[in-house]
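2 protein chains.
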Amino acid sequence: MNQHDRLHRKELLDAQESLASTLRKCLKIQQGGKLRSPQQTLNDRRAKSLQIAVDLIEERLKGIR
Amino acid sequence: MNQHDRLHRKELLDAQESLASTLRKCLKIQQGGKLRSPQQTLNDRRAKSLQIAVDLIEERLKGIR
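Line by line, the protein sequences give chains D and Z.
Heads up, the first sequence is in this note's numbering, so the first residue is 9 and it goes up one at a time.
Heads up, the second sequence is in this note's numbering, so the first residue is 9 and it goes up one at a time.
The hints are simulated quantities; they were obtained by calculation from the structure and are not laboratory data.
Among the hints, erroneous ones may be present.
[Claimed, not checked] Under the rule of at most 27 Å between Cα atoms (straight-line distance), these lysine-lysine pairs were calculated in the DSSO-like manner: (1) Z/LYS70 x Z/LYS18; (2) Z/LYS18 x D/LYS56; (3) Z/LYS70 x D/LYS56.
It should be emphasised that the depicted structure is a prediction, and the values quoted were computed from it without experimental measurement.
Please model the complete structure; the sequences and the hints are all you need to start from.
Pasting the structure below:
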């Protein structure tokens, strides 16, 4: 792994951790079931998007491992 | 573009839009400059992560265009 990849990998890992943390919050809110419909839709959409982001980063990390 | 790619593309576009919207909120908060240090760090980290996510989705979309 060269210097460039190492830096890039660290950035991706940090981003993944941060997005996964936000995702966990969204899922917790989903489980709480206290949101009204429009907020619930927004939260559901956000959770789905964050999951896709976490997955794409995972895939990218595999490529530079 | 086949059916699978079309569905996948729509999902990615939706995710990108949702993450970009959250990113804009983070940047607005940054510009407001009203956060205290720990919250500021968290918000900065989140903005950086969201930007990476938006970029990765963009790259993926280019691959299936």
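*Is it true that the CA of Z/LYS70 sits at most 27 Å from the CA of Z/LYS18?*
13 Å, holds
*Agreement of Z/LYS70 and D/LYS56 with the hint, judged by alpha carbon distance not exceeding 27 Å*: 21 Å, holds
_Tell me if the straight-line CA distance from Z/LYS18 to D/LYS56 falls inside 27 Å._
13 Å, holds
When the structure is compared with the earlier hints, no violation turns up for any of them.
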